[in-house]
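Visitor: Now that you have both chains on their own, put them together as the hints suggest.
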Amino acid sequence: MADLRCNVAGIESPNPFWLASAPPTNTGDQVMRAFDAGWGGAVWKTLGEPIVNVWSRYGAVDIEGTKMMGLNNIELITDRPLEVNLREIREVKKRYPDHALVVSLMVESDRQAWHDIVKKAQDAGADGLELNFGCPHGMSERGMGSAVGQVPQYTCQITEWVKEVATVPVLVKLTPNISDIRYAARAAKEGGADGVSLINTINSIIGLDIDTLTPTPAVNGKSSHGGYCGPAVKPIALNMVSQIGADPQTAGLPISGIGGISTWRDAVEFIALGSDTVQVCTAVMHYGFRIVEDLKEGLSNYLDQKGMTLQELKGHSLHKIHNWKELDLNYAVNARINQDKCIGCGLCYTACEDGAHQAIQAEPRVDGRTYVEVRPQDCVGCNLCSLVCPVDGCIDMVEIPNDFEPCSWEDYTERGGQLAPRPEHQ
Amino acid sequence: MSDPGVKLWCNFSDYKPGLGSNAAVAEANRCLNCYDAPCTRACPTGIDVPGFIKKIATGNMRGSARTILEANILGASCARVCPTEELCEGACVLHDLHERPIDIGRLQRYATDPVVYEDDDSPPLFEAAPENGRRVALIGAGPASLGCAAELAQLGYETVCFEKADKPGGLNTFGIADYKMTFHTALKEIEWIRQLGVEIRCGQQVGRDISVEQLRQEFDAIFIGVGLGGVDPIGIDGEDLEGVRDSLEFIAELKTHPKEEVALSGKKVAVIGGGNTAIDAVTQSARLGAERVYLVYRRGPQQMGAYKHEQELARKDGGVFVYHSQPVEILGRGNKVAGLKCIRTEHRKGKLQTVEDSEFVLHVDYVLRATGQSKLTDLFEEFPGLAIEDWGTVIADIDGRTSLKDVWAGGDCVSGGQEVVNAVAEGKRAARSIHKTLQGER
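Quick mapping for you: the protein sequence lines, in order, are chains Y and Z.
All the letters of the first sequence, read from the start, carry residue numbers 26 to 451 under the working numbering.
All the letters of the second sequence, read from the start, carry residue numbers 6 to 447 under the working numbering.
So that you can see chain Z by itself, here it is in the shape it has in the complex (with noise of 0.2 Å):
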């Protein structure tokens, strides 16, 4: 579904590229600045958006990346990867007034780059405070443990995030699609953040490399923002033949390598499920060359759990959407995929069940899994009195305590999968309450 003769890099390139400053000055113009805003109100993480849209505006960039950044830590990223439509631009008055919502996305984009990413000689915009000599580990070093361990810092702390992976983000540095955000612009804002005072073990899984007790003995507190696992196999026969994939290992391998080397030219290819995820693996797949892309999924459109607007983009990517369809079986060619074996599904009774006899085959060449991600239960079995949800997250109140007094936990682990700008909001609140119940003790 890519265009031949095209090199398979451009179709990744930015879907919502930056502004130049006219345009941005002329789109920052637009706001109405609305009291109490609910694009605002609308954010996670509360980053006061007609203050920053406003400053844009008047040339106060640093004034408005400050604004920005002090909010969310993270805004260069959550600039692109923020479902807005959903968030701050669906909450914007104008719609109201049949016009274009404000493009605060592009607009956070072109107010953080320069900070984030443009090294100049003006003094860091934050700091860390001088060290208070408590220490705070993190697990994990994706958006979550990150917002978190910022914010530390810059209370003096000495923040360690222990990291299993050999690059740091977690989520955002491996699973976001890439004409969102590449695998180097997700590392190069950790690096900024680092130098806040962020310090970032890479390769160090807890319970492998470094016990908990030892964690307990050299900190304060700990923050477990470890996120999720991978995408469990679904249970039915085929699922080892080579060409079965977890959509999130696709995803991080597209994004760490050279286009070319992972392309799909001529391969056709079956996605499984109806979040997110899977329409990221069905637009990234049709975007390295895939001749034919199907998206599966078990329920109806009413039910699918993907964004509308991330939908739209599957579909106009070419994807095909084969709802009300459960795989029974992977088929295969000698040690290869051959074909995903599907039955139709229809709502009976307030249930969802297979209808008889309605078996079809999909001839394709991969089967991505984006069927839902595992809990870290085995990280969690560390900490022994840890309350754990039955379907395997943490639990954990609004500022991230947990049932331990010295671990608090936020993102992934606890919410079972929300955006990067959530993780963000939630390791920040952490950090607030870590720093609140630290300086009780003193």
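The shape of chain Y in the complex, shown without the other chains (with noise of 0.2 Å):
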């Protein structure tokens, strides 16, 4: 079993699996609940003035009868008394004091106020503090949330606030809404943020009921923009997460990566592009808490597996992602089906051939299938078909070798490189 204790900017936790500043951590029930099931830990509901919720608060993507690849919310911070709150954090860390207890901040953009939740938030006890600049709706449109973490001088601004007066690491959770996250977060380092958490929600209408040509959720026939989630932004939050790890103004920042986590495999791309932590909502609002056991089990039999510890995995991919104009264009791959395991669907060439460069043959198969076969001078080995192939296996994508030097676009364009011979488009 592999060690999966880990540090985010000083906070320490038993496992890198925390839940996100949500409705599952709305509550110390909920939070002690978990911690029984194993999470490592949570950022607990964003505290902060009282809020009132509207009733009709979640809406989804299904996609092809997957429930919720998607999820978005309307839901604003907590709306319990923040008297109530403060006693059950400082209740559950005197329950739990080996979990990692984060308290999410959220108040106007004012200095006191700002110093009035932190201090509140630490003497209940909390083990890190983490500045929602992120949610996208509601409180939003009051100042607070994405329209700080929009801009990078009030993120640094207020950031800084915070740390004169916190005695706990602070997390800067970042929003996606924004074009490029390197400023957000490089404000965040700036301010003096320990660490920052991301990506918040993605502002988003998730969908209309063509029936009623009403906006998802709908409240009393009206609908909001909402915060986007689940599943379906993770290639986002990938890309977010791996840019501040890249980038030299902020690379070896702690950050504890959101965005789309349901599965162990997850979390290891997660960490592999820089996480410390990762945090997980959309699959505990779907699943329950229950879904940490195969979290923590995937994650340590894959570390033992690779034989590798979970430091040595955080950040292990980094290096491989670069420029476009880096990348090797000589280097030459093809599509190759294996007979004996097709099964004569002919999905690949019908993907081929209307979807990408018309390299496969297909010809009707004597037992009523579909027979196909790559014609490699036209192939550019674009992966389609062996995404769209049922059959694990089926098509591989084999390097063609060749006698040029590996040549980039930079190469070629600025330093007189050679590229190989590639498909004519007829």
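Among the clues, some could well be false.
[To be verified] Only pairs whose alpha carbons sit at most 27 Å apart, straight line, appear in this in silico BS3-like list of lysine-lysine: (1) Y:K92 / Z:K59; (2) Z:K273 / Y:K366; (3) Z:K410 / Z:K341; (4) Y:K259 / Y:K145.
[As the list claims (entries may be wrong)] Rough simulated footprint, nothing fancy, chain Y against chain Z, three-plus residues with beta-carbon under 8 Å: (5) 34–41; (6) 94–106.
[To be verified] Far from chain Z, some chain Y residues (derived; all Cβ distances over 12 Å): (7) T192; (8) I235; (9) N264; (10) A276; (11) T375.
Treat the hints as calculated values from the structure; they're not laboratory data.
All values reported here derive from a predicted model rather than from experimental measurement.
Think of the CB as a built atom: it goes at the ideal place given N, C-alpha and C, for glycine as much as any other residue.
Guide: Laid out in structure tokens, this is it:
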């Protein structure tokens, strides 16, 4: 069993799996049950001035029968009294001294207001603070959440205010609703943040009920843009997480990765791109706290199998992410169909013929199936056929060696590099 | 073999019940959406199977039904009665992934039932074209004629089906195992087809109530879709005893009567034959409460014509398969059947021969013949010059053209006995051919 203990920005945790600040961390009861189930940490549902919530709050994207591939919400921060939350935080921390209990905060952009709430959270026993500069709905209309996160100088300023009184590590939660996440991360670092957590939800309209033509979630016939999360947002989050580690100005800044993490495989990806811990919400809203067993076991088995420690995995893949202009244009691959495994569905043919480069030949087979074969001279190695193929290992992308030296676009345009010949478009 | 205390009609409930909407969408989403899909190629009517399935997934139910019914007007029947295991589902590529094939039959039923069986206010999916002044007579109102007439009606022809029975549909109405499709379900679908402008005159036997000469005078073309006749006696002693029946008559009777009236509780039955009708007779006898049902077949399991999945069904219903046995005499007590005397057979010198001194008796109360249907040669003789095979089926090309230039034919009277879906496909092809020919005459 691999050692899953970890530390993000000085916050220690028995494992890297935290509950994100969201409905699953709304109450002490939930957080304690989550810790009992095996979660390493929890970020308490955002504390702030009292608010009132609407009743219809969530909407989902289902894809081909799979429920909740994407989820959005128009719920605001906690609607429970501050004193109740603080009392429960104190109680949880007393009972679970070894778990990471981080408290998410969001108040108006006023130095005193931030000082007050920071002190209260610390007094209650928070191991760390997470500044919610991310929510794209509701609170942003009041100058909070993503309204702060979208302006680097506000992010920097408020982080500075918090750090004036903070005695525990401070994470700044970044909004993805911005054109370049690096500016926000730099601002957080400049303001003294001990780390960042990202991504918060993406601004969205989840969809319409086409019977009534009303957007969802519908509140008495109307709706509002909300925060989008769940498995569908993971690629966006992975990119943003990798950008923080790749940016020389923020490289090494501790990261708590968030965004569509449902399985230990997702966690491996976030960690390999620089996350110290990962936060989960939608998967728990879908399946409950119990999923942590597989998350921990899966990650542990993976690390054991790879012979790696969690620390060695962290950021392991960052050096493999480059600008496009640095990629080798002379590296050639071709699709090869393993006829023994082919079930003759012809999906690769349809995809290549209509959606890619017309490099697959199809003929009716005597048994009524479709015989497919790649025309190597036409294949540009785009991968599409292997992506649509329903049979594991049926279509391999094989390297086609050539005698040319590696040559990137940069080499080609600036250093006289030689390009290997490529298929001609008819 | 029916559990005591169970109402007999319970034994005849749908053996492939309809799907609920959640299950249908989940199943539809399993479909890979193959290119040049094997299921479509395996369908005699060429239904775009992935096309209609993906429409179920998106909730385009009307479009899904249109895709099916445009290819096969009896799509709702075929969803129930097709041997999908042998056709579309048998061709599904998922078999090769060691997965269950897509439940195409039940998805087809899910898509077509609302259109065919549920009256709503939406405009009809199909309508007769404005009349083109041409008339086509169809002999018989089974699947072949209905497939042909429905297509012709949509091309503007006036179509009249002459049906000798008192209800239309042929074997699709009277001969389908009741747990696959009931009598009333079949008739309701035909009512829907009638709305296309297909006229059906029941109780009208050509050659008796109306002559071929009259048809030729009144109509521009004739389609023969009469199917086959009853099961002939096999020519052994005792066939006149009470309790010896044509299995098709037996099936028609149980389909049109309350099950309690035709119950076989405590009785023993022997079914003679090895085809799908024999299987239907076995399963339904068992479901009517028979204590024991034998299937007597003169060859071995490998030669049996019935589909494997049908044989399996009969075994599950408790049917006892008696292979390599040939009936030689039906024994009676008074005027009633008391037993079936058989003799063992074996293959010797490439021929099926009886084994000396191997007679044995099955003590049964009923003997059901399912040894192949007769050909309706009397009707064919009404058409001077109509070319007939030696074995009595009508000779027709792929488009249903016969040796007579104004006569087309399709369905079992040509094929000698195939599925409903084949008959519909043949009828439809004949309609296209009739249209092409009559258009050319103008």
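Visitor: With reference to the structure, classify each hint as holding or not holding.
Guide: Hint check:
1. Y:K92 / Z:K59: With a Cα-Cα distance of about 18 Å, the restraint between K92 (chain Y) and K59 (chain Z) holds, given a limit of 27 Å.
2. Z:K273 / Y:K366: 50 Å, violated
3. Z:K410 / Z:K341: 50 Å, violated
4. Y:K259 / Y:K145: Violated, at about 34 Å.
5. 34–41: That given contact holds, which follows from 6 residues of the stretch 34–41 of chain Z lying within Cβ reach (below 8 Å) of chain Y.
6. 94–106: holds (count 5)
7. T192: 53 Å, holds
8. I235: Answer for I235 (chain Y): violated, closest chain Z Cβ roughly 9 Å.
9. N264: Given that every Cβ of chain Z is farther than 12 Å from that of N264 (chain Y), nearest at about 29 Å, it holds.
10. A276: 43 Å, holds
11. T375: Since the minimum Cβ distance to chain Z is about 4 Å, T375 (chain Y) lies within 12 Å and the statement is violated.
Of the numbered hints given earlier, the model fails hints 2, 3, 4, 8 and 11; all others are met.
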